[in-house]
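Full structure from sequences and hints, please.
Chains as they are written, first to last, in the numbering used here: chain R, 1 to 221; chain X, 1001 to 1221.
Please note: incorrect hints may appear among the correct ones.
[Said to hold, decoys possible] List time: in silico BS3-like cross-link candidates among lysine-lysine, alpha-carbon distance up to 30 angstroms:
(1) R:K53 / R:K63
(2) R:K63 / X:K1063
(3) X:K1063 / X:K1053
(4) R:K53 / X:K1053
(5) X:K1053 / R:K63
[As the list claims (entries may be wrong)] Negatives, chain R to chain X, calculated, CB over 10 angstroms:
(6) D143
(7) R178
(8) P196
Bear in mind the hints are in silico, worked out from the structure with no lab data behind them.
Beta carbons: idealized from backbone N, C-alpha and C, even for Gly.
Protein chains: 2
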Amino acid sequence: MTSVDEPARTGARTRDAARTQAEILDVATREFARAGYDGARVDEIAAQTRTTKRMIYYYFGGKEQLFTAVLERAYGVIREAEQELDVDHLDPLAAIRRLAELTFDHHERHPDFIRLVSIENIHDAAHIASSEMLASIGSPALDVIRRILEEGQRTGLFRADVDAVDLHAMISSFCFFRVANRHTFGALFGRDLVAPEQREHYRAMLGDMVIAYLTAERTAV
Amino acid sequence: MTSVDEPARTGARTRDAARTQAEILDVATREFARAGYDGARVDEIAAQTRTTKRMIYYYFGGKEQLFTAVLERAYGVIREAEQELDVDHLDPLAAIRRLAELTFDHHERHPDFIRLVSIENIHDAAHIASSEMLASIGSPALDVIRRILEEGQRTGLFRADVDAVDLHAMISSFCFFRVANRHTFGALFGRDLVAPEQREHYRAMLGDMVIAYLTAERTAV
DNA sequence: CGGTTAATGTACGAACCAGTACGTTAGTCA
DNA sequence: TGACTAACGTACTGGTTCGTACATTAACCG
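Now the structure itself:
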């Protein structure tokens, strides 16, 4: 979520297309995450940049395309983070716990991203569907899970009837819910799931849950 | 989500306050769930009822209060459902699986409710906070979980370091994610988490997960 | 160094939308 | 039965908000 990469070769602040676009995306990400797609105001986004509304339409075409661009960049960030994943040197048990913890950490560190995903689901993932980039982005995390799972299942340590996508859903659901539903859960049950002092507790709970599930004997229905 | 209870004693359709209010709430629930708070249109809600926009303001005061009323009724429905919970005759293991399954079923049957909760979280649970009813609604399900947990922990069957709120969060997160994030998950990973043919698979997965976690030996960090 | 174009700013329009002023009718009760 | 009030309808308004027409300037290139 940091802004620009090219500080413009001269000190001059004017006429820097890349920087203007990046700044618009930064602000738009915050505004859309704050208020939702329909709640976000194009004028408000413009006001928070050093440029004008005109530029938003010049570079992105419209509100809808701007939101899609925001999503594309946000998913790009997590994709990059997932590519950093390095758990191959660990045994399956430690590897899967580590992966779960990194997912946990990532969700906690990017609440705006979580909100964007919630918002996109309210719109039935229409923007993802119409984005070539997003439709084909893939998931490095899924590949990692697949490898760990294969190893664990080969040695008989893990139950055989799980696949990578399901396990990813299980881990994500816990991490996502904790951040996304923080407000209603807190208001209704009086417990802040994202309180710093409970962080380690929930992190361990996730790891325990995943490992317990993977190593459990098949229970009867 | 069925509409009215009093079919009006005469066949006359006019002048039935309770029915008008219920009809507005029905339609508003759908419209808010469909488009989000800011995306929903008061005119559109009015158009889908047999009455006019004037009545919405007459009975509810405004868009904001209407949304709060929608939330209040939606939470009222799940509260009633939870009061039907009857698992006390089962042993702790069977009871907790049954409870998880009922939660699973309820989420699946009420996707509009899930969307409303997502929407309310985007607004930082502001409406819940300002509603006396919602702030004090409580949760029968939580009481049930508490009882099961106590029994299971007393006999040493369940691990001791879980409390009812955390377990409720764990169960809810799986059920909620599956419905709420169905669209983005499907678009990105090509798997429909709510596909009917996968229903039993995920239902069993949830039960297995919860039981495995509760009965696991404390694993090392 | 003049011209071409990418980049930017200003001001405005047209549609939309929450909310309301004002008027009307159905039921009810004395 | 007449008057009172709850319930309802119509038509409008004032502000908001996405989007754009038009004007301008900086950079680059031959």
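So, going through the hints one by one against the coordinates:
1. R:K53 / R:K63: 11 angstroms, holds
2. R:K63 / X:K1063: Roughly 24 angstroms between the alpha carbons, so the hint for K63 of chain R and K1063 of chain X holds.
3. X:K1063 / X:K1053: Holds - the C-alpha atoms of K1053 of chain X and K1063 of chain X are around 11 angstroms apart, at most 30 angstroms.
4. R:K53 / X:K1053: Measuring from Cα to Cα gives roughly 34 angstroms; hence the hint is violated.
5. X:K1053 / R:K63: 29 angstroms, holds
6. D143: Label holds. Min Cβ-Cβ 12 angstroms, cutoff 10 angstroms.
7. R178: 7 angstroms, violated
8. P196: Its Cβ never comes within 10 angstroms of chain X, the nearest being 17 angstroms, so this holds.
Checked against the numbered hints above, the structure violates hints 4, 7; every other hint is satisfied.
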